[in-house]
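Student: Okay, here's what each chain looks like letter by letter:
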Amino acid sequence: GESVGLHLPTLSVQEGDNSIINCAYSNSASDYFIWYKQESGKGPQFIIDIRSNMDKRQGQRVTVLLNKTVKHLSLQIAATQPGDSAVYFCAEEKAAGNKLTFGGGTRVLVKP
Amino acid sequence: DSGVTQTPKHLITATGQRVTLRCSPRSGDLSVYWYQQSLDQGLQFLIQYYNGEERAKGNILERFSAQQFPDLHSELNLSSLELGDSALYFCASSVSTGNTIYFGEGSWLTVV
Numbered sequence: 001g002e003s004v005g006l007h008l009p010t011l012s013v014q015e016g017d018n019s020i021i022n023c024a025y026s027n028s029a030s031d032y033f034i035w036y037k038q039e040s041g042k043g044p045q046f047i048i049d050i051r052s053n054m055d056k057r058q059g060q061r062v063t064v065l066l067n068k069t070v071k072h073l074s075l076q077i078a079a080t081q082p083g084d085s086a087v088y089f090c091a092e093e094k095a096a097g098n099k100l101t102f103g104g105g106t107r108v109l110v111k112p
Numbered sequence: 001d002s003g004v005t006q007t008p009k010h011l012i013t014a015t016g017q018r019v020t021l022r023c024s025p026r027s028g029d030l031s032v033y034w035y036q037q038s039l040d041q042g043l044q045f046l047i048q049y050y051n052g053e054e055r056a057k058g059n060i061l062e063r064f065s066a067q068q069f070p071d072l073h074s075e076l077n078l079s080s081l082e083l084g085d086s087a088l089y090f091c092a093s094s095v096s097t098g099n100t101i102y103f104g105e106g107s108w109l110t111v112v
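Chains as they are written, first to last, in the numbering used here: chain A, 1 to 112; chain B, 1 to 112.
Take these hints with a grain of salt, some might be off.
To be verified - Listed below are the simulated DSS-like cross-link pairs for lysine-lysine, each with C-alpha atoms no more than 27 Å apart in a straight line:
1) A:K71 <-> A:K99
2) B:K57 <-> A:K71
3) A:K94 <-> A:K71
4) B:K9 <-> A:K94
5) A:K111 <-> A:K42
6) A:K99 <-> A:K56
7) A:K42 <-> A:K68
8) A:K56 <-> A:K68
9) A:K71 <-> A:K111
10) A:K71 <-> B:K9
11) A:K71 <-> A:K56
12) A:K111 <-> B:K57
13) A:K68 <-> A:K111
14) A:K99 <-> A:K68
15) A:K94 <-> B:K57
16) B:K57 <-> A:K42
17) B:K57 <-> B:K9
Stated by the list, open to error - One-sided excerpt, in silico: chain B residues whose CB lies under 7 Å from chain A:
18) G16
19) Q17
20) F45
21) I60
22) G104
23) E105
24) G106
Claimed, not checked - Here are the computed distance ranges between Cβ atoms for each label pair:
25) A:T69 <-> B:P70: 44 to 50 Å
26) A:P112 <-> B:G58: 35 to 41 Å
27) A:A29 <-> B:N51: 23 to 29 Å
28) A:S40 <-> B:V95: 36 to 42 Å
29) B:A14 <-> A:P112: 39 to 45 Å
Read the hints as simulated data drawn from the structure, not as lab findings. We put the CB at the ideal spot given by N, CA and C, even for glycine.
Can you build the whole structure from these sequences, using the hints too?
Tutor: In structure tokens, the structure reads:
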């Protein structure tokens, strides 16, 4: 499949290291945040979400941190694997309705 | 597999033509969303339907229209196509507002 978003910031990570992907969101009224992973030629895949009443949420090998003071969201991937190579998007949603606004994305490249 | 099905996967058409993209949401999901992903615009929200009714509208052109049918599948109609309409069009669905949104694999539209 073709790639989209060619002009993306890229994070190169050594296999086995931890990855940290950062995202600044725009709307202080947003109360729901999601991280998606998009592999080449595929649709965005849900990774993990967090609501604004939380600062941290953990999943399998992933942790999302939310800092509402500076409107910053991060995704930490532990022990990064080659299969983690993809574009990662953060998305925010306001309380009313379910319109997700996506960030520009970060490309993660895992080096063997 | 997210459970959201989109057809066709690839489509090539000429400028000025009209196409219809189809989406079947996950079983039980009442909300359907359409997103456009192009190289220079990232993921852009187009429109949302909930149980057959339009719920939210994003940056959808007047040449584009969508609907959600009683069986909850949705169609996105793109008319008077221009070269700049070439993009990946994603459908997504969720149970209701405020729930996780799952994406389909997308429909690649190329306008020549």
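Student: Now, for every hint given, state plainly whether the structure supports it.
Tutor: Hints versus structure:
1. In summary, the hint linking K71 of chain A to K99 of chain A is supported, as the alpha carbons are separated by about 18 Å, within the 27 Å threshold.
2. For a cut-off of 27 Å, the pair hint linking K57 of chain B to K71 of chain A stands: about 25 Å separates their Cα positions.
3. Restraint check: the Cα-Cα separation between K94 of chain A and K71 of chain A comes to about 14 Å, which is no more than 27 Å; the hinted pair holds.
4. At roughly 31 Å between alpha-carbon atoms, K9 of chain B and K94 of chain A are farther apart than 27 Å, so this suggested pair is violated.
5. The hinted pair formed by K111 of chain A and K42 of chain A meets the criterion: a straight-line CA distance of about 21 Å does not exceed 27 Å.
6. Restraint check for K99 of chain A and K56 of chain A: the C-alpha separation of about 23 Å stays at or below 27 Å, so the hint holds.
7. The suggested pairing of K42 of chain A with K68 of chain A is violated, with an alpha-carbon distance near 31 Å, which exceeds 27 Å.
8. In summary, the hint linking K56 of chain A to K68 of chain A is supported, as the alpha carbons are separated by about 11 Å, within the 27 Å threshold.
9. For the suggested pair K71 of chain A and K111 of chain A, the alpha carbons sit about 30 Å apart, so the restraint of at most 27 Å is broken.
10. Of the pairs offered as hints, the one joining K71 of chain A and K9 of chain B is violated, with about 37 Å between alpha carbons and a cut-off of 27 Å exceeded.
11. For the suggested pair K71 of chain A and K56 of chain A, the alpha carbons sit about 14 Å apart, so the restraint of at most 27 Å is met.
12. Between K111 of chain A and K57 of chain B, the direct Cα distance comes to roughly 41 Å. Violation of the 27 Å bound is thereby established for this hinted pair.
13. Annotation: proposed proximity of K68 of chain A to K111 of chain A is violated, straight-line Cα distance about 33 Å (limit 27 Å).
14. As the CA atoms of K99 of chain A and K68 of chain A are separated by approximately 20 Å, the hinted pair is consistent with the 27 Å bound.
15. In summary, the hint linking K94 of chain A to K57 of chain B is supported, as the alpha carbons are separated by about 14 Å, within the 27 Å threshold.
16. Annotation: proposed proximity of K57 of chain B to K42 of chain A holds, straight-line Cα distance about 24 Å (limit 27 Å).
17. Proposed proximity of K57 of chain B and K9 of chain B is supported: the alpha carbons are some 24 Å apart, at most 27 Å.
18. Against a cut-off of 7 Å between C-beta atoms, the interface hint on G16 of chain B is violated, since the closest Cβ of chain A lies about 24 Å away.
19. Checking Q17 of chain B against chain A: minimum C-beta separation of about 21 Å lies over 7 Å; hint violated.
20. The closest approach between the C-beta of F45 of chain B and any C-beta of chain A is roughly 6 Å, which is under the 7 Å cut-off, so the hint is satisfied.
21. The criterion of a C-beta within 7 Å of any C-beta in chain A is not met by I60 of chain B, whose closest approach is roughly 12 Å, and the hint is violated.
22. Annotation: G104 of chain B was flagged as interfacial toward chain A, and the flag holds, the nearest CB pair being 5 Å apart, inside 7 Å.
23. For E105 of chain B, the interface hint holds, the least distance from its beta-carbon to any beta-carbon of chain A being 5 Å, beneath 7 Å.
24. Because the beta carbon of G106 of chain B sits about 5 Å from the nearest beta carbon in chain A, less than 7 Å, this interface hint is met.
25. At about 46 Å, the CB distance of T69 of chain A to P70 of chain B agrees with the hint of 44 to 50 Å.
26. Checked against the hint of 35 to 41 Å, the pair P112 of chain A and G58 of chain B passes, with Cβ atoms roughly 40 Å apart.
27. At roughly 25 Å, the beta-carbon separation of A29 of chain A and N51 of chain B lies within the given 23 to 29 Å, and the hint holds.
28. Evaluation of the 36 to 42 Å hint for S40 of chain A and V95 of chain B yields a failure: the beta carbon distance comes to about 29 Å.
29. As the Cβ distance of A14 of chain B to P112 of chain A is approximately 44 Å, the hint placing it in 39 to 45 Å holds.
Checked against the numbered hints given earlier, the structure breaks hints 4, 7, 9, 10, 12, 13, 18, 19, 21 and 28 and satisfies all the rest.
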